[in-house]
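Using the hints provided, position chain B relative to the given structure of chain A.
Number of protein chains: 2
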Amino acid sequence: MSVYLHDIPLSQAQARLREALQDAGLWRTLGVEEIPLDENALGRVTAEPIWAEISSPHYHASAMDGFAVKAEDTNGAQPSSPIQLIVLRDQLPVQAQYVDTGDPLPEWANAVIPIENVESLDENGKISSIVRGPSSIRIRAAVAPWSHVRPLGEDIVATQLVLPAGHILKPVDLGAIAASGHQSIRVARKPKIAILPTGTELVPIGSKLKAGDILEYNSLVLAAQVKQMGGEPTRFPIIKDDFDLICKRVLEAAQTHDLILLNAGSSAGAEDFSAKVVEKLGTLLVHGVAVRPGHPVILGMVHRELGIGTLVETKSQFTNLPIPIIGVPGYPVSAALTVDIFVEPILAKWLGRRPLELPTETAILTRKLVSPAGDDDFVRVVVGRVEDKLLAAPLSRGAGVITSLVQADGLALIPSGTQGMEAGEKIQVRLYRNRNEIEKTILAIGSHDLTLDLIAQFLAEHDRRLASANVGSQGGLVALRRGEAHLAGSHLLDPSDGSYNISYIRQYMPDIPVKVVALVGRDQGLIVKKGNPKGIKSLGDLAGTGRAGSVKFINRQRGAGTRVLLDYHLNLMTIQAESIAGYSQEEYTHLGVATAVASGRADCGLGIAAAAQALDLDFIPLFQERYDLVIPKQFADDNLLAPLFDLLADLRFREAVSHLKGYDVSVMGALILED
Amino acid sequence: MSVYLHDIPLSQAQARLREALQDAGLWRTLGVEEIPLDENALGRVTAEPIWAEISSPHYHASAMDGFAVKAEDTNGAQPSSPIQLIVLRDQLPVQAQYVDTGDPLPEWANAVIPIENVESLDENGKISSIVRGPSSIRIRAAVAPWSHVRPLGEDIVATQLVLPAGHILKPVDLGAIAASGHQSIRVARKPKIAILPTGTELVPIGSKLKAGDILEYNSLVLAAQVKQMGGEPTRFPIIKDDFDLICKRVLEAAQTHDLILLNAGSSAGAEDFSAKVVEKLGTLLVHGVAVRPGHPVILGMVHRELGIGTLVETKSQFTNLPIPIIGVPGYPVSAALTVDIFVEPILAKWLGRRPLELPTETAILTRKLVSPAGDDDFVRVVVGRVEDKLLAAPLSRGAGVITSLVQADGLALIPSGTQGMEAGEKIQVRLYRNRNEIEKTILAIGSHDLTLDLIAQFLAEHDRRLASANVGSQGGLVALRRGEAHLAGSHLLDPSDGSYNISYIRQYMPDIPVKVVALVGRDQGLIVKKGNPKGIKSLGDLAGTGRAGSVKFINRQRGAGTRVLLDYHLNLMTIQAESIAGYSQEEYTHLGVATAVASGRADCGLGIAAAAQALDLDFIPLFQERYDLVIPKQFADDNLLAPLFDLLADLRFREAVSHLKGYDVSVMGALILED
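Note that the protein sequences, when read in sequence, are chains A and B. For the first sequence, this note's numbering gives the first residue as 127, with consecutive numbering after it. For the second sequence, this note's numbering gives the first residue as 127, with consecutive numbering after it.
Heads up, a few of these hints could be off.
Stated by the list, open to error - Derived BS3-like pairs: lysine-lysine, alpha-carbon spacing no greater than 30 Å straight-line:
1) LYS353/B to LYS318/A
2) LYS196/A to LYS336/B
3) LYS515/B to LYS552/A
4) LYS656/A to LYS196/B
5) LYS366/B to LYS296/A
6) LYS663/A to LYS678/A
7) LYS660/A to LYS196/B
8) LYS655/B to LYS196/A
9) LYS318/B to LYS366/B
10) LYS406/A to LYS374/A
11) LYS663/A to LYS787/A
12) LYS759/B to LYS566/B
13) LYS566/A to LYS296/B
14) LYS366/A to LYS406/A
15) LYS374/A to LYS402/A
16) LYS552/B to LYS366/A
17) LYS759/B to LYS552/B
18) LYS663/B to LYS678/B
19) LYS374/A to LYS353/A
20) LYS515/A to LYS566/B
21) LYS655/A to LYS196/B
22) LYS494/A to LYS515/A
23) LYS296/A to LYS515/B
24) LYS353/B to LYS296/A
25) LYS296/A to LYS678/B
26) LYS656/B to LYS196/A
27) LYS656/B to LYS515/B
28) LYS475/B to LYS353/A
29) LYS515/B to LYS494/B
30) LYS318/B to LYS296/A
31) LYS353/A to LYS366/A
32) LYS318/A to LYS296/B
33) LYS296/B to LYS475/A
34) LYS566/B to LYS475/A
35) LYS566/B to LYS334/B
36) LYS660/B to LYS678/B
37) LYS566/A to LYS678/B
Simulated from the structure, these hints should not be mistaken for lab results.
Next up, chain A with everything else stripped away, as it sits in the complex (with noise of 0.2 Å):
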């Protein structure tokens, strides 16, 4: 069993890959496909350059409406000596016709007068409402051959090149190839994918869950990637970890696809059949590559008939050529990031256009990434600009964390041959949003809180962004001092005298002048099993002593600002800690605290009360801490903040944080301190 894999180098994959795809003719326009010129058009590639079989306008047309002339007829016209030319009449000679605007000019005339510098007049001579068939019209200028004509082939000339092969198309381009003379366009085919879940854990979207169910999202989002790179994804089945079913299955996907994405099984576990199941059906191009997160892909191409030599001589040559196969690995970040790495390339290849392209921005990068040597590493990041730097604060990098795509501006790449970037070193990144947007966004780096989702989302409202990056209390002052970040959330407090963040600010970013408001007041409590059965009311139940009898604690880590606050209080009521079942037990975050209440590991643990809600349990509030906003005075002062202070006075957005269970909303916007 071969339980490691090889990891190359990426550009030797996709090298790899490419040559596989050239020697089976597979390296070009898959096919042209002839669709009706309408809106459904758009996005689509043209496959032939388009030449122009009409001229547009196909006439000299009149570009106003008016009276067509001769110019030279007009010559010497002046306000104070106007120049009459007579209106087509019987038997007179035609001096001056009336067009609207598009008519073909007249074949004599070689200029139009626009209406509104003409005064009509009847066959008396006088001034005349009538527009279009006076006796004769007076001008009081001149005019220039060709003014107000659009003359023929202003705008497109018959044969002449109007949009070239592999041009995407967008709005005005079908207008353009309209007014060109087709009616139809020729476009590449749109290469079909098909997308097949493998994995006996995992169960559809919406399936009740069951430990170890993993919920099979993945073919969701492979697809729409697909779709939006101009593909036609099929998104099949989930099969089961099964080698003869997954063999089957991948035959009779080739049958009419182009491509097939096999995804997870591409590791080298022992459920993890894909690359056997590339080898038997064809030929493994690559299993591993030195790319992070996604490593575990899998390259290759099988044939879309099993054992070849004894096909029927009447089935096609076709059939027998080979497809390309990707495995892409399981986790939904590497499998994400597997398709804007490998199949993109290919789509853009097979419909003939540009690969597209992210635009590229250098920044600063805000803490320390370690990274392996020999892998190109990925990094998801938040971008904002403080004062004149460009920041990128990276997100989670685990590949199983897609919300740290969800959440990214971009994507910034630690290159193979580094092991990775210090803190303020620039950092090339992939911008998913442009820099107009980026402009807008508030950064604010420091404590997680809900509230700060619901700032998120109102602040959209008003034309701003609230990118946010956790990186702790004490790490969002750090950040401010740096320069970082417009403002930090932080919750810290002083057990010297039970006072919230002050004393660290002064600690921690002494010689920058803040203000600091209070966000809102949040309940720490202890969280418990639904209906309280052990009857757990305060701190004191805690200890042997307490009247709840015999209760196992759960802890938070040292160092945690819940642990801070347990230990105050254990303080002040003169609680021994060594006096309570499980204190030296620690979790690392309020839902570790909350899943060892669930799992009945714990009778309970501190935390707030979102932790207890997101499992389902009860929560006894004992204590409030004050989250505050903690803002340098020249950020505070700037127009990008402030309808974030218009916010903290906003009846709307009060109401809806104190919708959030165990949140006060009393404080907020209280000034704390200001410099």
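This is chain B only, laid out in the frame that chain A set:
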């Protein structure tokens, strides 16, 4: 009759429409639609915040294939002093248990050791190949708690905000929504937009055209724009210029749509009924906006029923609500910009999303632009970077020239209050392309030639873009002198010696080292009627003495390259200009000459083969002129232009050019001059 419409400033017009929508209760999202969570949700806009129903993972999950352990049990393990852990067996205590990636962590465990870091042992303590069920495992390194574990809620915590309202759904968003326990999404209903083309002169796409017919393709462009912006367009059939009929159709459309776009008839001519229709059916808010192109815009509200007062009680209130109507100007560029300026903000509001914004950059204008002081004037520009300057070269400003929008890289604004801008001034450009593409743009300014279209086509395959602005040969040399282009196409004949370009290069850009390469030889000749009824063979036939008898010539304007060429050859042939009938009749373009011949105004004129071909005329080649590429040395050596030089040696390209009528590729790539 109100011939003159009154232009009001853009911001005022937008405000009036917004107020009317507010009054009608329509300045808000239109409604909610619940759709399945599949790839068709891509691009839809969330109508409400999406909160997580479940956590992801919803249990502590192994992040690797390996063995679940208690981290405490591994303390002290070293390469030299391994620790042995017992794998689950009947009566023995549990110390390690095999888990696949994604399996739930056993309740007693708090870490996972990846399988590749484990030695499997059989019941005798010997190393074994059993993967899942060895008797025990040996490890040589300790693991920290929660190593290789994805804790419950690592990605998503139940109750958290997954996505805010007003968010445009991307592929990864769909995954996050699925992961948080949803199987459908509530999105903003798509606004329904009726597009009504009006005009007796309009004919549908694909019609056989006669003079005065105008192809109706605005409704196609408008529909595609609306679709791209997230609306649902309906294209109505063409309506003749008939007031009652237009009223009838508008009322019909109003029953089932949220917004009506009434195309053309928005000016103030005799057949421009749009304003009167809006006045009759509702309220005319604005007629005329100080914006170019596009000023005859109409904004109004129409009622869903005519004569509200008479409505019977049973009809719902809703039918009485007015809906907005926009009279869209008839010229295609005006029409498209009207949708961008007035319709996009309404759709953004109705969908609850941010308005679409193009990235804005500051560029340097390459030529002077005159603009009415009162107007916001939008100018289509080609954008490229030459050395460190981002340049904006204006394209045709004609409102009828839709190809100017097709070719544009961006839209530059000359704001109201300025009467224009000088060449070299800084101008704000909203970019249609991202900077990466612009960095790969070769900017060609000079004389236009058909082969430039082919160069553009071929360069696209080599990751370069050719953007051309046509200012004539001399204009191109001036642009090179100013550092505003990478190359110029030029075919300037020196009548003193019959040479091309060099003397002009020395005159116009004396101090700039250049490389001049021949592109093509191009036939100039006589454009004659199909079948050449007058039997014209040479310039000699034009003079009164020629054997073709009485021939009417049509000339180009003084200064045109073709006129220089004519005079040069008349001089060589000692033919007097006065002896040529029509010598003093001037046209301004090759196509103008061809049109004069086609219409019978003249028997022949001098021009290029393409112009004859465009109007299906005959062509008698007489002379060959050389069309060169003039390239400053510094760019000739730049990597940006390398693919262009490759192209000149590319047989496939050479063959494509040789298929153009009247082109000679034998000179292609010849070095004419190198400083």
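Point to revise | Hints breached by this structure | key: 16, 25, 27, 35 and 37
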